[in-house]
Every structure is written in C-alpha cells, then in structure tokens.
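Per the numbering used here, residue 12 is the first one in the sequence shown, and the count goes up by one each step.
Rather than coming from a laboratory, the hints here were simulated on the basis of the structure. Keep in mind that the hints are not guaranteed to be accurate.
Computed list of lysine to any residue pairs in SDA-like fashion (alpha-carbon distance at most 25 Å, straight line) [stated by the list, open to error]:
#, residue 1, residue 2
1, 166, 134
2, 166, 91
3, 163, 255
4, 163, 122
5, 166, 207
6, 166, 200
7, 166, 151
8, 163, 147
9, 166, 177
10, 166, 79
11, 163, 177
12, 166, 211
13, 163, 65
14, 163, 281
15, 163, 141
16, 163, 283
17, 166, 190
18, 163, 54
19, 163, 134
20, 163, 142
21, 163, 213
22, 166, 141
23, 166, 83
24, 163, 121
25, 163, 146
26, 166, 118
27, 163, 180
28, 166, 140
29, 166, 193
30, 163, 97
31, 166, 262
32, 166, 127
33, 166, 215
34, 166, 176
35, 163, 176
36, 166, 233
37, 163, 207
38, 163, 80
In this text, all values refer to a predicted model and were calculated from it rather than measured experimentally.
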Amino acid sequence: MTSPGFLFCRDPLRPGRPDAAFVREAAAARRTGAQVVTIDHDALLAGDAETAVSRVPRDSGPYRYRGWMIPSERYEDLERALVARGCAPSTDAAAYRRAHELPGWYDVFADLTPRSVWRSAHIGGEPAGPAGWSALARSLGSGPAIVKDFVKSRKHEWHEACFVPELGDTARLTAVVDQFLSLQGEFLSGGVVLRAFEPFVPGGEARVWWVDGEPVLVTAHPDTPGHVPEPALGQVRAAVRELGCRWVTTDMALREDGVWRVVEVGDGQVSGLPADDDGGILFAALSAVGAGQQPQAASWAGAVSGSAVRRSGPSEVS
12 MTSPGFLFCR DPLRPGRPDA AFVREAAAAR RTGAQVVTID HDALLAGDAE
62 TAVSRVPRDS GPYRYRGWMI PSERYEDLER ALVARGCAPS TDAAAYRRAH
112 ELPGWYDVFA DLTPRSVWRS AHIGGEPAGP AGWSALARSL GSGPAIVKDF
162 VKSRKHEWHE ACFVPELGDT ARLTAVVDQF LSLQGEFLSG GVVLRAFEPF
212 VPGGEARVWW VDGEPVLVTA HPDTPGHVPE PALGQVRAAV RELGCRWVTT
262 DMALREDGVW RVVEVGDGQV SGLPADDDGG ILFAALSAVG AGQQPQAASW
312 AGAVSGSAVR RSGPSEVS
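Can you make the complete structure from the sequences, with help from the hints?
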C-alpha cells in the first residue's frame with residue numbers, strides 16, 4: 012500500500028514552500044516520512060486547476076490535501092487535475108462534499124444536531140423572496156433559528172445576518188436572509204440553511220478530529236480559544252463511522268440540558284488546528300492509517316478514558 016503524500020497550499024512568494032500558516036504542519040507530515048508537495052490555492056480558486064497542481068510529480072501516488080478551504084466545485088476540479096497527472100486525492104470529491112456541506116452529513120447526524128432545512132441558491136439566481144423563505148421556515152416549525160449556507164454562518168454579524176428570533180416573523184426572516192446573502196456574495200456555498208436555535212452553556216466548543224472513525228485529538232474551537240471541553244463521543248463515533256469519510260472533524264457544544272450536540276461537521280483537510288499545535292498527533296494518526304494500520308486513538312493520542320482524548324488549545328489558524 013502506498014502511503015498518501017500531502018498537498019499543502021504554497022507560499023505566494025516562494026512557490027516551493029508551504030504557506031506560512033502551514034509550515035509546522037508540513038514539517039510534522041515530513042517527520043512521518045510522507046511526501047509534501049505544494050499547490051497554488053489561488054489558481055485553483057480562479058478555475059485553473061492544471062496550473063494549481065503543476066508542481067505535483069506525475070504518477071506520484073495518492074495525496075491528502077491540507078490547507079485553506081476549497082469550494083466543493085473547485086475540489087472536483089482538483090480531483091480531475093490530479094487524475095490527469097496520474098495521481099488522485101485520498102478523499103475523492105464526493106466524500107469531500109459529504110463532509111464539507113451540511114446537506115451531505117445532516118441525515119447521518121440528524122439526532123445529534125439542531126434540526127435543519129435548506130434550499131439551494133446562488134448569486135445571480137432568482138431570489139426566493141418572503142414567500143419562499145416563509146415556506147422553508149414552515150417546514151422547520153416555529154421558534155428562533157440560525158441562518159447559514161451549506162458551510163458557514165455570519166455569526167459575527169449575529170443580529171443582522173444570522174439570528175432570527177421567530178421563524179413566523181416573515182419580514183424579519185427575510186431581512187436576515189437577504190443581509191446574509193448580501194454579505195456572503197460570491198462566497199455563498201450551496202444555498203441557505205435554517206437551523207433551529209439551541210441554547211448552549213458558556214465554556215466554548217470543542218473540535219474533535221476523527222481518522223477512520225476514531226477520535227485522535229480534541230482541540231479548542233477558533234471562537235473559544237483557551238477552552239477545550241471534553242465532549243461525550245459515543246453516539247458521535249457511530250455517526251462518523253456511518254458517514255464513511257476517513258478524515259473529518261466534529262464541532263461540539265454542551266446544550267443547557269446537559270446534552271452534547273454536534274454543531275458542525277467538516278472535512279479534516281480544511282479544518283484548522285490550534286496555533287500552538289504542530290500537527291504531530293494528527294499526522295502520526297494519518298500516517299499510521301496510510302500504512303494500513305487500524306487506528307487506535309490511545310496509540311497516538313494518549314490514554315482514552317470515557318470521553319477523554321488528547322486535548323489541545325488555545326487558538327486556531329483557520
């Protein structure tokens with residue numbers, strides 16, 4: 012079995028070197044013996060995938076991507092460009108979309124995450140208008156909700172473009188959605204999602220890193236640096252395994268009634284590690300899997316007891 016190498020975003024000024032935000036992670040990957048190659052993220056986003064992967068040696072085996080977020084459509088371009096060079100991504104485009112976008116993972120996590128409904132939308136398309144958003148809201152029910160797209164919210168513009176106090180207030184709902192769409196602009200991912208609002212206790216979210224269905228690391232979330240809770244992972248483990256994606260993250264928060272909830276699922280290739288974590292644990296786990304070993308959290312992440320896995324904080328690069 013050929014162990015996958017890693018494709019890191021390149022430094023814009025020094026194409027042969029990884030972007031400064033990922034230099035330590037690239038070093039950690041190299042310590043496992045993995046090949047590290049840089050790609051041009053800007054060219055990929057601009058639609059020139061062939062140029063983006065021009066430094067990837069032909070017929071050099073499978074690769075995992077590690078870097079800044081890639082829209083699902085551009086990831087498809089990346090996959091095609093790699094295949095044309097006799098290579099392939101370790102995570103194919105279908106698996107990337109499944110973990111990266113809420114409609115891909117929602118059904119598997121439906122009992123573990125806030126209720127959600129969505130509709131596709133794109134910049135320049137015909138707006139749904141009050142009637143369309145009201146119809147979508149009715150399928151979710153009454154009460155407060157969060158507006159987001161298939162990947163991201165605008166929670167830092169909470170009242171203007173994220174939080175809807177009552178879904179039955181069509182005017183307010185429409186105003187929030189319209190402002191959200193305006194702010195997202197060309198970066199809108201997939202469409203609009205309405206999620207039932209759930210109250211969480213103070214103390215922050217935890218990001219759990221999974222490799223082949225095993226939790227190998229728990230880190231702080233970028234919005235709550237310095238706080239690394241210890242979430243209960245039993246039911247989440249089963250859902251991650253059912254999802255069937257090899258490298259994913261789950262962002263988790265404790266609801267006021269004491270139940271741990273999955274706030275987001277993400278593809279591990281584009282999820283951020285804390286700034287003080289060089290990726291050693293994570294890349295060791297990925298290397299072991301690449302060598303054909305069955306992942307065991309305790310073998311590279313410290314002792315696992317109940318919900319406790321190796322924890323890291325306090326801040327994040329992406």
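Against the structure, the hints:
1. A threshold of 25 Å between alpha carbons decides the hint, and for residue 166 with residue 134 the separation of about 20 Å falls inside it, so the pair holds.
2. Proposed proximity of residue 166 and residue 91 is contradicted: the alpha carbons are some 34 Å apart, above 25 Å.
3. Restraint check for residue 163 and residue 255: the C-alpha separation of about 22 Å stays at or below 25 Å, so the hint holds.
4. At most 25 Å may separate the alpha-carbon atoms for a hinted pair to count; residue 163 and residue 122 meet this at roughly 21 Å.
5. At most 25 Å may separate the alpha-carbon atoms for a hinted pair to count; residue 166 and residue 207 meet this at roughly 14 Å.
6. For the proposed pair residue 166 and residue 200, the alpha carbon gap of about 16 Å is at most 25 Å, so the pair holds.
7. Only pairs whose Cα atoms come within 25 Å are accepted, and residue 166 paired with residue 151 is accepted, the gap being roughly 20 Å.
8. At most 25 Å may separate the alpha-carbon atoms for a hinted pair to count; residue 163 and residue 147 meet this at roughly 19 Å.
9. A C-alpha spacing of about 17 Å is found between residue 166 and residue 177, which places the hinted pair at or below 25 Å, so the restraint holds.
10. For the proposed pair residue 166 and residue 79, the alpha carbon gap of about 20 Å is at most 25 Å, so the pair holds.
11. Between residue 163 and residue 177 the CA atoms are separated by roughly 21 Å; this keeps the pair inside 25 Å, and the hint holds.
12. At most 25 Å may separate the alpha-carbon atoms for a hinted pair to count; residue 166 and residue 211 meet this at roughly 15 Å.
13. Between residue 163 and residue 65 the CA atoms are separated by roughly 30 Å; this puts the pair beyond 25 Å, and the hint is violated.
14. For the hint linking residue 163 to residue 281, the alpha-carbon distance of about 13 Å falls within 25 Å, and the restraint holds.
15. About 22 Å separates the Cα atoms of residue 163 and residue 141, which keeps this hinted pair within 25 Å; it holds.
16. The straight-line distance between the Cα atoms of residue 163 and residue 283 is roughly 14 Å, inside the 25 Å bound, and the hint therefore holds.
17. At most 25 Å may separate the alpha-carbon atoms for a hinted pair to count; residue 166 and residue 190 meet this at roughly 12 Å.
18. Among the hinted pairs, residue 163 with residue 54 is consistent with the structure: their alpha-carbon atoms are about 22 Å apart, no more than 25 Å.
19. Restraint check for residue 163 and residue 134: satisfied, since their Cα atoms lie roughly 16 Å apart, inside the 25 Å limit.
20. The straight-line distance between the Cα atoms of residue 163 and residue 142 is roughly 24 Å, inside the 25 Å bound, and the hint therefore holds.
21. For a cut-off of 25 Å, the pair hint linking residue 163 to residue 213 stands: about 21 Å separates their Cα positions.
22. As the CA atoms of residue 166 and residue 141 are separated by approximately 22 Å, the hinted pair is consistent with the 25 Å bound.
23. For the hint linking residue 166 to residue 83, the alpha-carbon distance of about 22 Å falls within 25 Å, and the restraint holds.
24. Restraint check for residue 163 and residue 121: satisfied, since their Cα atoms lie roughly 18 Å apart, inside the 25 Å limit.
25. At roughly 22 Å between alpha-carbon atoms, residue 163 and residue 146 fall within 25 Å of each other, so this suggested pair holds.
26. At most 25 Å may separate the alpha-carbon atoms for a hinted pair to count; residue 166 and residue 118 meet this at roughly 24 Å.
27. Restraint check for residue 163 and residue 180: satisfied, since their Cα atoms lie roughly 23 Å apart, inside the 25 Å limit.
28. For the hint linking residue 166 to residue 140, the alpha-carbon distance of about 22 Å falls within 25 Å, and the restraint holds.
29. Between residue 166 and residue 193 the alpha-carbon distance is near 14 Å, which keeps this suggested pair within the 25 Å criterion.
30. Our distance criterion of 25 Å between C-alpha atoms is broken by residue 163 and residue 97, whose separation comes to about 33 Å.
31. Restraint check for residue 166 and residue 262: satisfied, since their Cα atoms lie roughly 15 Å apart, inside the 25 Å limit.
32. Taking the CA atoms of residue 166 and residue 127, the gap is near 16 Å; set against the 25 Å cutoff, the hint holds.
33. Proposed proximity of residue 166 and residue 215 is supported: the alpha carbons are some 15 Å apart, at most 25 Å.
34. A threshold of 25 Å between alpha carbons decides the hint, and for residue 166 with residue 176 the separation of about 14 Å falls inside it, so the pair holds.
35. With a CA separation close to 19 Å, the supplied pair residue 163 and residue 176 stays within the 25 Å bound.
36. Of the supplied pair hints, the one linking residue 166 and residue 233 holds, its CA atoms being roughly 13 Å apart against a limit of 25 Å.
37. At roughly 15 Å between alpha-carbon atoms, residue 163 and residue 207 fall within 25 Å of each other, so this suggested pair holds.
38. Simply put, residue 163 and residue 80 have alpha-carbon atoms about 11 Å apart, close enough for the 25 Å limit, and the pair holds.
Taken one by one, the earlier hints fail for this structure at numbers 2, 13, 30, listed in ascending order.
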